[in-house]
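*Asks:* So the protein sequences, as listed, match chains A and B.
Basically this note's numbering = 1-based index in the first sequence + 30.
Basically this note's numbering = 1-based index in the second sequence + 30.
Just so you know, the hints here were simulated from the structure itself, not pulled from any lab data.
Among the hints, erroneous ones may be present.
Which copy? The list can't say, so a pair holds if one copy fits it or any two copies do.
[Stated by the list, open to error] In silico lysine to aspartate or glutamate, EDC-like type, Cα no more than 16 Å apart, as pairs:
| hint | residue 1 | residue 2 |
| --- | --- | --- |
| 1 | K220 | E63 |
| 2 | K142 | D207 |
| 3 | K142 | E191 |
| 4 | K250 | E178 |
| 5 | K250 | E55 |
| 6 | K231 | E205 |
| 7 | K152 | D207 |
| 8 | K152 | E178 |
| 9 | K220 | D119 |
| 10 | K142 | D110 |
There are 2 protein chains.
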Amino acid sequence: MPQPKAPSPRTTVKRIPQRANYESETIYQILDEGLVCHIGFIADGQPVVIPTAYGRVEDTLYIHGSPASRMLRSLQQGIDVCITVTLIDGLVLARSAFHHSMNYRSVVIFGKATLIEDAAQKLAALQAFTEHIILGRWQEVRSPNHQELSRTIVLSLPLTEASAKIRTGGPIDDELDYQIPVWAGEIPLKFTAAVPINDAKLAPNIAVPTNLKNYTRPQKLD
Amino acid sequence: MPQPKAPSPRTTVKRIPQRANYESETIYQILDEGLVCHIGFIADGQPVVIPTAYGRVEDTLYIHGSPASRMLRSLQQGIDVCITVTLIDGLVLARSAFHHSMNYRSVVIFGKATLIEDAAQKLAALQAFTEHIILGRWQEVRSPNHQELSRTIVLSLPLTEASAKIRTGGPIDDELDYQIPVWAGEIPLKFTAAVPINDAKLAPNIAVPTNLKNYTRPQKLD
Numbered sequence: 031m032p033q034p035k036a037p038s039p040r041t042t043v044k045r046i047p048q049r050a051n052y053e054s055e056t057i058y059q060i061l062d063e064g065l066v067c068h069i070g071f072i073a074d075g076q077p078v079v080i081p082t083a084y085g086r087v088e089d090t091l092y093i094h095g096s097p098a099s100r101m102l103r104s105l106q107q108g109i110d111v112c113i114t115v116t117l118i119d120g121l122v123l124a125r126s127a128f129h130h131s132m133n134y135r136s137v138v139i140f141g142k143a144t145l146i147e148d149a150a151q152k153l154a155a156l157q158a159f160t161e162h163i164i165l166g167r168w169q170e171v172r173s174p175n176h177q178e179l180s181r182t183i184v185l186s187l188p189l190t191e192a193s194a195k196i197r198t199g200g201p202i203d204d205e206l207d208y209q210i211p212v213w214a215g216e217i218p219l220k221f222t223a224a225v226p227i228n229d230a231k232l233a234p235n236i237a238v239p240t241n242l243k244n245y246t247r248p249q250k251l252d
Numbered sequence: 031m032p033q034p035k036a037p038s039p040r041t042t043v044k045r046i047p048q049r050a051n052y053e054s055e056t057i058y059q060i061l062d063e064g065l066v067c068h069i070g071f072i073a074d075g076q077p078v079v080i081p082t083a084y085g086r087v088e089d090t091l092y093i094h095g096s097p098a099s100r101m102l103r104s105l106q107q108g109i110d111v112c113i114t115v116t117l118i119d120g121l122v123l124a125r126s127a128f129h130h131s132m133n134y135r136s137v138v139i140f141g142k143a144t145l146i147e148d149a150a151q152k153l154a155a156l157q158a159f160t161e162h163i164i165l166g167r168w169q170e171v172r173s174p175n176h177q178e179l180s181r182t183i184v185l186s187l188p189l190t191e192a193s194a195k196i197r198t199g200g201p202i203d204d205e206l207d208y209q210i211p212v213w214a215g216e217i218p219l220k221f222t223a224a225v226p227i228n229d230a231k232l233a234p235n236i237a238v239p240t241n242l243k244n245y246t247r248p249q250k251l252d
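Go ahead and model the full structure; you've got the sequences and the hints to work with.
*Replies:* This is the structure we're talking about:
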């Protein structure tokens, strides 16, 4: 059972600290449900935020991309990075404009990335990316060949310095506002899949697999 | 009709430039559909990425929050900021692991934020936040009072230096891989609303309004 994270000065949630969560299991669940992280780094003295896919293996986050990517070339120098994953769970509608809010779960990670040079570790990370998106997909598709591996940079970031922030529940209105005759409550939001679209070049005898017909986040073993 | 943005060195899309889009209308559509932006700034020499709500009025983005927020206190000093909004439109499943991708629309904005001090402009920005989430809501709820306004910081950021990046369509496989007998195509993803949950203190005679029963993004005038 993973231990709770020890909050660092950077990961200690200061605003509304009752929403903070430092449990590794909670952090993992949020990361496993998200599809895209937002990577913040400093380039030429200025902040840059780029969305990208990711994968997780135990207490390590992996990102990847082309050797031509400025972000990856910068990060592999070991500069400071901040990676944030946000899930929006609902809209919170109060009786006053001021008390409107959103329900969300977010994870903020600080650290420095490390280039993965070991071939086996690199392949394991790429497997984690694919499986993060669709469980079981890695076994079904062609694995990366030597040329593809050399055209892919994989970086790792330890989840040592990470924290979660979570808001749940309905609105909290000022006492006098409860008499305002307007609907109040929560609109839950969910990321859902529509009907899969066959590739134009798909062979006619290949049907959509069941796990893709009923695609949900996070991907879970039955 | 708004003009296309002139790409700056910071907003010129370098990786896969054929995905770049500098049209103001495209940028506005992505911003109007999103609910949360990721704000990147430098604090104590290190990058920080924080998710937050936002609103747009013409060529200006507004963010807001508590005077106790370190992010807002930092940004109102006029430091460099990067704000990114990402919409995930689908998973792209190829026959090789390497060619898996996602369809997405993202906007990246660079600039410096300005504190809104004029009371009327501040109120207009707060109206934009509420209307960004639910069109028509502002008229139905109690407007911010003097105390709430003083407890809210609103910052503006011009959309002068902004660009979009968009991927659409199915997978593109290597020629030899088309013979692999695996399903390939796109799984469209959408942010959808579930049944609204009444606030526990809702008066029994208040029904869920139609626009909330059928909530979709972006919010549109009929």
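*Asks:* Now, for every hint given, state plainly whether the structure supports it.
*Replies:* Hints, one by one, checked against the model:
Taking identical chains as interchangeable, the C-alpha atoms of K220 and E63 lie at most 16 Å apart whether they share a chain (11 Å) or sit on different chains (15 Å). For the homomeric pair K142 and D207, neither the shortest alpha-carbon distance inside one copy (47 Å) nor that between copies (37 Å) is at most 16 Å. In the homo-oligomer, the alpha carbons of K142 and E191 lie at most 16 Å apart inside one protomer (10 Å), although the nearest pairing across protomers, at 28 Å, exceeds that limit. In the homo-oligomer, the alpha carbons of K250 and E178 never lie at most 16 Å apart, since the shortest distance is 28 Å inside one protomer and 44 Å across protomers.
When the C-alpha separation of K250 and E55 is checked against a cutoff of 16 Å, the pair qualifies only within one copy, where the shortest distance is 15 Å, while the shortest distance between copies is 39 Å. Taking the shortest Cα distances, K231 and E205 sit within 16 Å of each other only across copies (11 Å), while inside one copy they are farther apart (61 Å). Taking the shortest Cα distances, K152 and D207 never come within 16 Å of each other, neither inside one copy (56 Å) nor across copies (22 Å). In the homo-oligomer, the alpha carbons of K152 and E178 lie at most 16 Å apart inside one protomer (12 Å), although the nearest pairing across protomers, at 52 Å, exceeds that limit.
Proximity of K220 to D119 under the C-alpha cut-off of 16 Å is found in both arrangements, the shortest distances being 6 Å within a copy and 13 Å between copies. For a Cα distance limit of 16 Å, the shortest separation of K142 from D110 inside one copy, 5 Å, qualifies, whereas the shortest one across copies, 22 Å, does not.
In summary, the numbered hints that this structure violates are 2, 4, 7.
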